[in-house]
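Visitor: Since chain A is already given, all that's left is putting chain B on it; use the hints.
Chain order of the listed sequences is A and B. Sequential numbering of the first sequence, starting at 1, is according to this note's numbering. Sequential numbering of the second sequence, starting at 146, is according to this note's numbering.
One or more of the hints may lead you astray.
What the hints assert, rightly or not - Which chain A residues face chain B? A few, computed with CB under 7 Å, are given here:
#1 Pro9
#2 Gln57
#3 Asp116
#4 Gly120
Please keep in mind that the hints were generated in silico from the structure rather than gathered at the bench. For every residue, glycine included, the Cβ atom is placed at its ideal position computed from N, Cα and C.
Here's the letter readout for the chains.
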Amino acid sequence: MPAEFSGVPESELSERFDLSVPADAEAIAGVVDALAETLEHLEVPEQKRFEIALAVQEALANAVVHGCGNDPSKQIRCRLQSNPEGRILISVTDPGPGFNPERLPDPKQDGNVYADHGRGVYLIRQLMDEVQIARPGNEIRMWKY
Amino acid sequence: MDINVRKRSQVQVIQLRGALRMGPAVDGLRQTMDEALSNGDTRMVMNLAEVPMVDSSGIGLLVRYLAVIKQKGGNLKLAQPSKFAVQTLKLVGVLNLFEIFDNDDAAVESFAKIA
Numbered sequence: 001m002p003a004e005f006s007g008v009p010e011s012e013l014s015e016r017f018d019l020s021v022p023a024d025a026e027a028i029a030g031v032v033d034a035l036a037e038t039l040e041h042l043e044v045p046e047q048k049r050f051e052i053a054l055a056v057q058e059a060l061a062n063a064v065v066h067g068c069g070n071d072p073s074k075q076i077r078c079r080l081q082s083n084p085e086g087r088i089l090i091s092v093t094d095p096g097p098g099f100n101p102e103r104l105p106d107p108k109q110d111g112n113v114y115a116d117h118g119r120g121v122y123l124i125r126q127l128m129d130e131v132q133i134a135r136p137g138n139e140i141r142m143w144k145y
Numbered sequence: 146m147d148i149n150v151r152k153r154s155q156v157q158v159i160q161l162r163g164a165l166r167m168g169p170a171v172d173g174l175r176q177t178m179d180e181a182l183s184n185g186d187t188r189m190v191m192n193l194a195e196v197p198m199v200d201s202s203g204i205g206l207l208v209r210y211l212a213v214i215k216q217k218g219g220n221l222k223l224a225q226p227s228k229f230a231v232q233t234l235k236l237v238g239v240l241n242l243f244e245i246f247d248n249d250d251a252a253v254e255s256f257a258k259i260a
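Only chain A is shown next, with the shape it has when bound in the complex:
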């Protein structure tokens, strides 16, 4: 998939972070914390750092649970790229079969409010400016402007 879906040519993006870790909840906490540090070094404002970190936490959690079936022998990859204007692209990839994002329930609908799951992708879409889930659904690309 081309990176320029937000209008930013791939050639303008610089790699800032590229980490592959086992599909394990403790490992992804370390990735999120390391990514937050990278954002701080890039002088991303606190509010934006929080929104990106939470979106990445959700994307990695989905990759661990749904993409890898909580199997730590599998690997998930997280990349962060940015352009000179400060636009940030994060991608999270897992080796799973993917999912259909159109079939996800609305967590704010009556009956779902007290559910103990089903809010991850919704949160990502609220927190990031542009989100694309690549076919077959095992790579999520998220832009923050």
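Guide: The following block gives chain B in isolation, referenced to the frame of chain A:
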């Protein structure tokens, strides 16, 4: 995540410190809540002042236990939620499910008013 539990005026006050997210943090809090419930405690205050992140697993845990505790006639109230905790709970439409207080004292005293 650090989880500190103390009892005040028959109310369990649970102080959290760190991100409430999938993994040891959510697992540890679930264990704490299950222990409290098995002891018959259904009046709880959770202090989120030092919780900079609540992910969807943490939200799921909070609303699930809120429902369980309310079914038993109790309540789970939030004290001093951090700015980002409030934003997150609001984003997914569950903030208004909780009673929220500025500090532990006010949250604990609110139970006495309905006793």
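Visitor: Does each hint hold? Answer for all of them.
Guide: Going down the list of hints, with the structure as the test:
A hinted interface residue such as Pro9/A counts as satisfied when its beta carbon comes closer than 7 Å to some beta carbon of chain B; here the least separation is about 31 Å, so the hint is violated. Taken as an interface hint, Gln57/A checks out: its beta carbon lies about 5 Å from the nearest beta carbon of chain B, inside 7 Å. For Asp116/A, the suggested interface contact is upheld, since its CB lies about 4 Å from the closest CB of chain B, less than 7 Å. Evaluation of the Gly120/A hint against chain B yields a held restraint, the C-beta minimum of about 5 Å falling below 7 Å.
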